[in-house]
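Asks: Chain R is already provided as a structure; the job is to place chain B on it using the hints.
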Amino acid sequence: MNVKPINYFEASARTRIACLVDPESFTEFCPPELRHISPHLVRLNAPVAFDDGVMVGRARLAGHPVLIASQEGKFNGGAVGEVHGAKLRGLLDKALIERPVAVLLLVDSGGVRLHEANAGLIAISELMRAILRTQSAGIPVFALIGGSCGAFGGMGIVSRLCTEVIISEQGRIGLSGPEVIETVKGVDEFDSRDRALVWRITGGKVRRALGDATRLVGDDIGAFRAATAELLDKHAGRPLNSSDLDDLTAAHSNLSIRAQRYDTARDGRIIFQEAGFTELESVALLPVDDFNRQLEGSP
Amino acid sequence: MNRPSSQPATWDREKQNYQARLARGAALASGRKVSADDIVRLLEAVIEPGDRVCIEGNNQKQADFLAKSLARTDPALVRELHLVQSVLALPEHMDLIEQGQVSRVDFSFSGQQAGRLATLVEQGRIKIGAIHTYLELFGRYFVDLTPKVALIAAQMADRDGNLYTGPNTEDTPAIVEAAAFKNGIVIAQVNEVVEKLPRVDIPADWVDYFVKAPTPHYIEPLFTRDPAQITEIQILMAMIAIKGLYAEYGITSLNHGIGFDTAAIELLLPTYAAELGLKGKICTNWALNPHPTMIPAIEAGFVQSIHSFGSEVGMERYIAARPDIFFVGRDGSMRSNRAFSQVAGHYACDLFIGSTLQIDLAGNSSTATKGRISGFGGAPNMGSDARGRRHASPAWLRAGREARPHAVMPRGQKLVAQIVETSREHMQPAFVERLDAWDLAESSGMELPPVMIYGEDVTHIITEEGIAHLLRCETPEEREQAIRGVAGYTQVGLARDRRMVENLRDRGIIRYPRDLGIDKRMATRDLLAARSIKDLVLASGGLYNPPKHFRNW
Numbered sequence: 001m002n003v004k005p006i007n008y009f010e011a012s013a014r015t016r017i018a019c020l021v022d023p024e025s026f027t028e029f030c031p032p033e034l035r036h037i038s039p040h041l042v043r044l045n046a047p048v049a050f051d052d053g054v055m056v057g058r059a060r061l062a063g064h065p066v067l068i069a070s071q072e073g074k075f076n077g078g079a080v081g082e083v084h085g086a087k088l089r090g091l092l093d094k095a096l097i098e099r100p101v102a103v104l105l106l107v108d109s110g111g112v113r114l115h116e117a118n119a120g121l122i123a124i125s126e127l128m129r130a131i132l133r134t135q136s137a138g139i140p141v142f143a144l145i146g147g148s149c150g151a152f153g154g155m156g157i158v159s160r161l162c163t164e165v166i167i168s169e170q171g172r173i174g175l176s177g178p179e180v181i182e183t184v185k186g187v188d189e190f191d192s193r194d195r196a197l198v199w200r201i202t203g204g205k206v207r208r209a210l211g212d213a214t215r216l217v218g219d220d221i222g223a224f225r226a227a228t229a230e231l232l233d234k235h236a237g238r239p240l241n242s243s244d245l246d247d248l249t250a251a252h253s254n255l256s257i258r259a260q261r262y263d264t265a266r267d268g269r270i271i272f273q274e275a276g277f278t279e280l281e282s283v284a285l286l287p288v289d290d291f292n293r294q295l296e297g298s299p
Numbered sequence: 001m002n003r004p005s006s007q008p009a010t011w012d013r014e015k016q017n018y019q020a021r022l023a024r025g026a027a028l029a030s031g032r033k034v035s036a037d038d039i040v041r042l043l044e045a046v047i048e049p050g051d052r053v054c055i056e057g058n059n060q061k062q063a064d065f066l067a068k069s070l071a072r073t074d075p076a077l078v079r080e081l082h083l084v085q086s087v088l089a090l091p092e093h094m095d096l097i098e099q100g101q102v103s104r105v106d107f108s109f110s111g112q113q114a115g116r117l118a119t120l121v122e123q124g125r126i127k128i129g130a131i132h133t134y135l136e137l138f139g140r141y142f143v144d145l146t147p148k149v150a151l152i153a154a155q156m157a158d159r160d161g162n163l164y165t166g167p168n169t170e171d172t173p174a175i176v177e178a179a180a181f182k183n184g185i186v187i188a189q190v191n192e193v194v195e196k197l198p199r200v201d202i203p204a205d206w207v208d209y210f211v212k213a214p215t216p217h218y219i220e221p222l223f224t225r226d227p228a229q230i231t232e233i234q235i236l237m238a239m240i241a242i243k244g245l246y247a248e249y250g251i252t253s254l255n256h257g258i259g260f261d262t263a264a265i266e267l268l269l270p271t272y273a274a275e276l277g278l279k280g281k282i283c284t285n286w287a288l289n290p291h292p293t294m295i296p297a298i299e300a301g302f303v304q305s306i307h308s309f310g311s312e313v314g315m316e317r318y319i320a321a322r323p324d325i326f327f328v329g330r331d332g333s334m335r336s337n338r339a340f341s342q343v344a345g346h347y348a349c350d351l352f353i354g355s356t357l358q359i360d361l362a363g364n365s366s367t368a369t370k371g372r373i374s375g376f377g378g379a380p381n382m383g384s385d386a387r388g389r390r391h392a393s394p395a396w397l398r399a400g401r402e403a404r405p406h407a408v409m410p411r412g413q414k415l416v417a418q419i420v421e422t423s424r425e426h427m428q429p430a431f432v433e434r435l436d437a438w439d440l441a442e443s444s445g446m447e448l449p450p451v452m453i454y455g456e457d458v459t460h461i462i463t464e465e466g467i468a469h470l471l472r473c474e475t476p477e478e479r480e481q482a483i484r485g486v487a488g489y490t491q492v493g494l495a496r497d498r499r500m501v502e503n504l505r506d507r508g509i510i511r512y513p514r515d516l517g518i519d520k521r522m523a524t525r526d527l528l529a530a531r532s533i534k535d536l537v538l539a540s541g542g543l544y545n546p547p548k549h550f551r552n553w
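Those sequence lines, one after another, are chains R and B.
Mapped onto this note's numbering, the consecutive letters of the first sequence carry residue numbers 1 to 299.
Mapped onto this note's numbering, the consecutive letters of the second sequence carry residue numbers 1 to 553.
By construction, these hints were calculated from the structure, which means they are not laboratory data.
Take these hints with a grain of salt, some might be off.
Restricting the straight-line Cα-Cα distance to at most 30 Å, the calculated cross-link-like pairs of lysine-lysine (DSS-like) are [claimed, not checked]: (1) 68(B) - 15(B); (2) 212(B) - 548(B); (3) 74(R) - 548(B); (4) 74(R) - 182(B); (5) 548(B) - 185(R); (6) 68(B) - 212(B); (7) 182(B) - 68(B); (8) 548(B) - 520(B); (9) 185(R) - 94(R).
Derived Cβ-Cβ restraints for the label pairs, each shown as a range [as the list claims (entries may be wrong)]: (10) 293(R) - 323(B): 34 to 42 Å; (11) 273(R) - 218(B): 29 to 37 Å; (12) 203(B) - 264(R): 27 to 35 Å; (13) 229(B) - 29(R): 29 to 37 Å; (14) 124(B) - 148(R): 35 to 43 Å; (15) 35(B) - 191(R): 29 to 37 Å; (16) 115(R) - 321(B): 46 to 54 Å; (17) 17(B) - 185(R): 37 to 45 Å; (18) 137(R) - 218(B): 56 to 64 Å.
Heads up, the beta-carbon is just placed ideally off N, CA and C, and yes, glycines get one too.
This is chain R alone, in the form it adopts within the complex:
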């Protein structure tokens, strides 16, 4: 059967869920017809969305029960406001009751919704705490990143808290976005128009080479599905033990080694170099399969 790849990057939040999970297995919580809209946007006379830019629900993926959320990057850059955040946090709370194999977060967000200021910040901190609580209850949380907004600001932190991070080459993870850094620190610090540089610093390939992402996949919803299914198989029936002290200590020491090693690095090239890539200029164009083969084959 010849299945046409469906571009993850361009798909809407709803299309992503529809193509990712098993057919007709998705049930949405707080669907748009209930019109849970942002009260803050209404007061500012700004456009609202009936799902406040995120859909949450229950589904099956390769037969495994999952809870799933998908952010709509085209609505306010996927930014997290009060209602949006509450839906995500509520989903994670529900996981404690339903105990799915995993919670999947399809992240496509620039971070906190600035219109909602403190309410957005509180939502993000609640979300972080909920992820840690879910994981300590033994339920893994996956971040899937491949939309145009990437995972920035608070959602960058949220993504890195996740048990597994599946990213495409177009996906990005970071804290302050390139434009913000350029505005605050100047173009010499970070030229946000140098898109190749932006991707060498925040993009999927460099995040995979650094170990920030656990899987790098092609820009195709089918590829995201395959990687997610494989990781669900891995986690199913094996409750997460995230409070293992040895694991945490090891992770922390790895982070401090990494912080020292790349302290003066100005470009992702050095990370590719240390990851064993020889032709640095061609890394950007390397097909995903070749990249993964070279990366995993490296010492």
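Replies: For chain B alone, kept in the frame of chain R given last:
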């Protein structure tokens, strides 16, 4: 014979003046070579007050170092200049005017400086001779605007001063031809000086001086359009263009204007047009810059030839690897030539299609807005009927028959199409009762409102609503209603006479997507042969090397 014998006629005053200038410059040069440190003094030595000066530059390459150097000359020495050049695009061009060194400009296009130029004109600090099309200005180089000093840009020189202008040859041959053979001084800035050039584009004995610029001349990647930004409305318009215009007339030779609307057409050739069985029947021969969005169509075998006005940053290796398609020198690199490509676009192409900002009820279109004198560039030459054309082609003959069904003498007509969304950004209507060009002409004291393409030359208008075959209209009233009929929900569109529009539809003058058998729901990004810059790179087999700010990997 009454000639006074005491005073023999002098026929070489210009030549003597030329030699005097060279003599003044000699001390600052070693042969033809001038060092970057001496270039300001050299310009002061060879330029005389009142000179006509051409600083080469177009929408792509710019003699930017020479422009900067000229702006650093002593205004007491270098003054009353008459700039005769394609574009006034660099800040230095405006600096020269503000420093009082320029008394008059004749040009074609001003791009980013359009606002500053309008201010200088309104303040009375500069007089504009005329705003031309490229070809028109090149023509005047050989009649009444011959440059006395030409400051040009080349990629490389050898030690003798032969120049390699390579893929971005652009305007150089036209400028040098006019200056060098009419006692003008030709000064070239080059990126590098080499032992042996890949090929000689301009021979050394047409060049008086060359200087290695401290930084390579700037080239704008003007024709690169990221497929990721193409909208479904643009895709729908591209479907209408392909089925309702290209296939209808069997258009094989054409020129595309710049923009996302035409990029969408290019990306639909290997998909939608191929599905319609149009490969080999349309779009085979082009006058066109090397648009990266043409790569999938070229790779699919749609295209037979492309001659270019200039090159495009990042396309060099791809072009060099496709010499059957592009005009490539014996050395393997492309050569462009704006003058020849403009001639090709005017006389040898059956269709021009491009976007615009405003269209009035007579079909006149303009990109002028108040407070900005932006000029024309090449579009009016492409977008006008070539009245001097004498060779026939099926598309040209058919257009002629449709436009003049009752004419006794058979003659063809060029197809000139405007492709616009009915509303632009910020819901500005593309269709207006009165062009802003009228206001600009008043505030800037122009003799003519700056109209890019005259209504009488426009044969088709394509919007997301449909296509209007203006050439099939019999009266100005019909024409107006045909335009209103595709103007959608703009004020102009809402004021249409529904009965007349339905009548025009019955007669095939207005055709909506459903009349053409186009299912609007098919207009999705899935139809694009490439959806990102990266797809273009992959389609080129890695030969296309996009500028870094177009990449997202």
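Asks: Hint by hint, say whether it matches the structure.
Replies: Right, here's what the structure says about each hint:
no. : hint                        : verdict
1   : 68(B) - 15(B)               : 28 Å, holds
2   : 212(B) - 548(B)             : 26 Å, holds
3   : 74(R) - 548(B)              : 25 Å, holds
4   : 74(R) - 182(B)              : 60 Å, violated
5   : 548(B) - 185(R)             : 21 Å, holds
6   : 68(B) - 212(B)              : 14 Å, holds
7   : 182(B) - 68(B)              : 26 Å, holds
8   : 548(B) - 520(B)             : 35 Å, violated
9   : 185(R) - 94(R)              : 42 Å, violated
10  : 293(R) - 323(B): 34 to 42 Å : 36 Å, holds
11  : 273(R) - 218(B): 29 to 37 Å : 32 Å, holds
12  : 203(B) - 264(R): 27 to 35 Å : 51 Å, violated
13  : 229(B) - 29(R): 29 to 37 Å  : 34 Å, holds
14  : 124(B) - 148(R): 35 to 43 Å : 49 Å, violated
15  : 35(B) - 191(R): 29 to 37 Å  : 32 Å, holds
16  : 115(R) - 321(B): 46 to 54 Å : 51 Å, holds
17  : 17(B) - 185(R): 37 to 45 Å  : 56 Å, violated
18  : 137(R) - 218(B): 56 to 64 Å : 59 Å, holds
Hints 4, 8, 9, 12, 14 and 17 from the list above are not met by this structure, while the remaining hints are.
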